[in-house]
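Protein chains: 2
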Amino acid sequence: MCGNEESNSTVPSQRAPPATPYQAVQDYISNVNSYKIIESTLREGEQFANSFFDTETKVKIAKALDSFGVDYIELTNPCSSEQSFQDCKTISNLGLKAKILTHVRCHMGDAKRAVEAGVDGVDLVIGTSRYLREYSHGKSMEMIQKTALEVISYLQSQNVEIRFSSEDSFRSDLVDILSLYKAVDRAGVHRVGIADTVGGATPRMTYDVVRTLRGVVGCDIECHFHDDTGCSVAGATHVDTSVLGIGERNGITPLGAFMARMVVTAPEYTKSKYNLKELKALETLVADAVEINIPFNNPVTGFCAFTHKAGIHAKAILANPSTYEILDPEVFGLSRYVSINSRITGWNAVRSRAEQLGLSMTDEQVKEVTAKIKQMADIRPLAIDDTDSILRSFHLELQQS
Amino acid sequence: MCGNEESNSTVPSQRAPPATPYQAVQDYISNVNSYKIIESTLREGEQFANSFFDTETKVKIAKALDSFGVDYIELTNPCSSEQSFQDCKTISNLGLKAKILTHVRCHMGDAKRAVEAGVDGVDLVIGTSRYLREYSHGKSMEMIQKTALEVISYLQSQNVEIRFSSEDSFRSDLVDILSLYKAVDRAGVHRVGIADTVGGATPRMTYDVVRTLRGVVGCDIECHFHDDTGCSVAGATHVDTSVLGIGERNGITPLGAFMARMVVTAPEYTKSKYNLKELKALETLVADAVEINIPFNNPVTGFCAFTHKAGIHAKAILANPSTYEILDPEVFGLSRYVSINSRITGWNAVRSRAEQLGLSMTDEQVKEVTAKIKQMADIRPLAIDDTDSILRSFHLELQQS
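First to last, the protein sequences are chains C and L.
Residue numbering for the first sequence follows full-length UniProt numbering, starting at 1 and increasing by one per position.
Residue numbering for the second sequence follows full-length UniProt numbering, starting at 1 and increasing by one per position.
Check each hint, because a few of them may be wrong.
Identical copies look the same in the list; a pair holds intra-copy or inter-copy alike.
To be verified - Heads up, simulated BS3-like pairs for lysine-lysine below, C-alpha to C-alpha not over 25 Å straight-line:
1) Lys99 <-> Lys112
2) Lys372 <-> Lys36
3) Lys372 <-> Lys273
4) Lys36 <-> Lys280
5) Lys182 <-> Lys273
6) Lys280 <-> Lys97
7) Lys36 <-> Lys146
8) Lys182 <-> Lys97
9) Lys112 <-> Lys367
10) Lys60 <-> Lys97
11) Lys372 <-> Lys89
12) Lys372 <-> Lys112
13) Lys112 <-> Lys271
14) Lys271 <-> Lys36
15) Lys277 <-> Lys112
16) Lys146 <-> Lys89
17) Lys99 <-> Lys60
18) Lys97 <-> Lys273
19) Lys97 <-> Lys271
It is worth saying that the hints were derived from the structure and are not from the lab.
Could you put together the complete structure from these sequences and hints?
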């Protein structure tokens, strides 16, 4: 009594859908066609619970990130330990295409050590929220600005690129950080950063702050999002990432998820600039280094990212993958899989599998064997060879009858 | 030469920060203080590559979801297989507080079978994008509307709750779906649904469509987001979830991530309505049923969600957890962990561990042992007992000297 009839009426001819149907209406602050990646696996990622990167591993990861095409590679503060300082020097001397940054507290001492380490740029950070000023460094906004300007003018004398960021920006007084950013912008920093240090901002809050800031500073704007509430990708343009998102607590925007987003939002720029086919190897390298499994649902590379199961989905995917795929697996050097091993499969998916196996059947026969598969799948999980043998034996009976 | 000096100047007294600093400015369509959850682990989740739920497992999951407090439980189309029909009947007869829904194609045959199964409500769905109309069911918008109105009036005669949703809404012609939704709203459906079936919408695109739709229909609005590009949580108010986000391909909005988001956005409503302490058990139940590991970075329950490592973070967390936590682990019946086993630890974190171990030291002595720990951590990964023994032996030497 269930409707599995299919209408054969054709769709009235109409103009083709846009090439990238998910292009949002652009606005004046949009930077999606020239965003840059500040890759922080070797800094934020070192704050991940499981991380211990020896020098050899750091070099491997830095080279892989460079080959992938990231614009900047951010390293742990050379003041953290002697080895951190040495590793900073080593990676700065690799002669990579990517610019090497280190992320330090807004202290003259940290800044000088960063310069000694030979980096191309320094990411200065200081807490500006009432929480951090009270419970972390105890400085007033006036003191913060005074120190910032001293450190900035020192770094300028050393010809390094400078990013100035507040920590916990979304819980800081908006007027406080706008005046601070206005001052450092006038002082000539290359970027100011907005950091959702505790991971509570929504995409719309981010958009509102960035839009406001865009009207106040002339320099570039960098965003750093933590993933505590599952919002770390959304809204980002200049963005900090780490491979698999590893970082403090739940980590930050994952490089792969950001690539998945941007290959939809800005396909040409993203595909031409980054070696997307290297993503899986890069993630595997880092996952092994920190001894974690790649999450089952990891964007792009999760084992089920391109598996289609429901009959109604499978039918359309077989006719045109765009029906249920926003990402083309081939762009990432991956392939799709249409599962027919369940009670929710459909006869179109089964027909395609039968054709793959070279078993010719009429639609009626395919519907019959599909019913058999659903019957079996109601009883126990089926593997691909289970369904194949059901198909083969059914086809054999047809020959013999 | 690194600045680890700490200013002791106090912060000028000022008004306390708002209780929930991440509250965005509300607008007229906001529904964050009365959102409802349509939990689809037993429908969308059955489309996950690994899923095979036998009846007993389905009943266990349905009861756990009901105890957690979800508003609706959505089940697989009873037309998928005989067992799917039987399970629909079984769960509808459990007498749960949650309303039982089933998700069916917009066909009279499917609708009648759903009613036979005894559900409280029916979620009707039909593809409206050019892709799906051309490659899936081949119906014109006129035919879709005609069928929809027939099916709706039948369901009304059966007194079941009705949700009407387009599939692939974001790649459908906006005028097409607005006219369709206007018609079904007038016909009296309870909810219309926006589905990002292929997972490519951004939060701002979602906001724009929902805002527009809000001006067109009087009924409730449901959102269904897929996670292919990592944006499935953002922007949702009436939302479809599944435990761990399991579903077709990479799945949909995870229940836990949505709870993490909403406990920040609407703390009172969320904490009073849902049994957040049951989240971990619920996720474990489903993860075992589909044989997957809970991702290392799963919101709230991932093993590192509440682990703090960097010295600058640890120092502040120890003074006030709000400095680096937007989520209070205790709300979910979990606890935090401050790691000191790495080169990026700091002396404040080490001091607190020393105090936990009852080892009294001066700040100077703590800084000295911190240097030793960083030295060791530069060489190899350290376990908690490694650092504890470094602390103990250092303390012992102090006594003996």
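Right, here's what the structure says about each hint:
no., hint, in the structure
1, Lys99 <-> Lys112, "within (18 Å within a copy, 63 Å between copies)"
2, Lys372 <-> Lys36, "neither (53 Å within a copy, 39 Å between copies)"
3, Lys372 <-> Lys273, "neither (49 Å within a copy, 44 Å between copies)"
4, Lys36 <-> Lys280, "within (20 Å within a copy, 37 Å between copies)"
5, Lys182 <-> Lys273, "neither (32 Å within a copy, 44 Å between copies)"
6, Lys280 <-> Lys97, "within (21 Å within a copy, 44 Å between copies)"
7, Lys36 <-> Lys146, "neither (30 Å within a copy, 49 Å between copies)"
8, Lys182 <-> Lys97, "neither (31 Å within a copy, 55 Å between copies)"
9, Lys112 <-> Lys367, "between (73 Å within a copy, 21 Å between copies)"
10, Lys60 <-> Lys97, "within (15 Å within a copy, 55 Å between copies)"
11, Lys372 <-> Lys89, "between (65 Å within a copy, 22 Å between copies)"
12, Lys372 <-> Lys112, "between (73 Å within a copy, 23 Å between copies)"
13, Lys112 <-> Lys271, "neither (38 Å within a copy, 48 Å between copies)"
14, Lys271 <-> Lys36, "within (13 Å within a copy, 39 Å between copies)"
15, Lys277 <-> Lys112, "neither (39 Å within a copy, 48 Å between copies)"
16, Lys146 <-> Lys89, "neither (29 Å within a copy, 70 Å between copies)"
17, Lys99 <-> Lys60, "within (16 Å within a copy, 53 Å between copies)"
18, Lys97 <-> Lys273, "within (13 Å within a copy, 53 Å between copies)"
19, Lys97 <-> Lys271, "within (18 Å within a copy, 49 Å between copies)"
In the structure shown, a violation is registered for the earlier hints numbered 2, 3, 5, 7, 8, 13, 15, 16, in ascending order.
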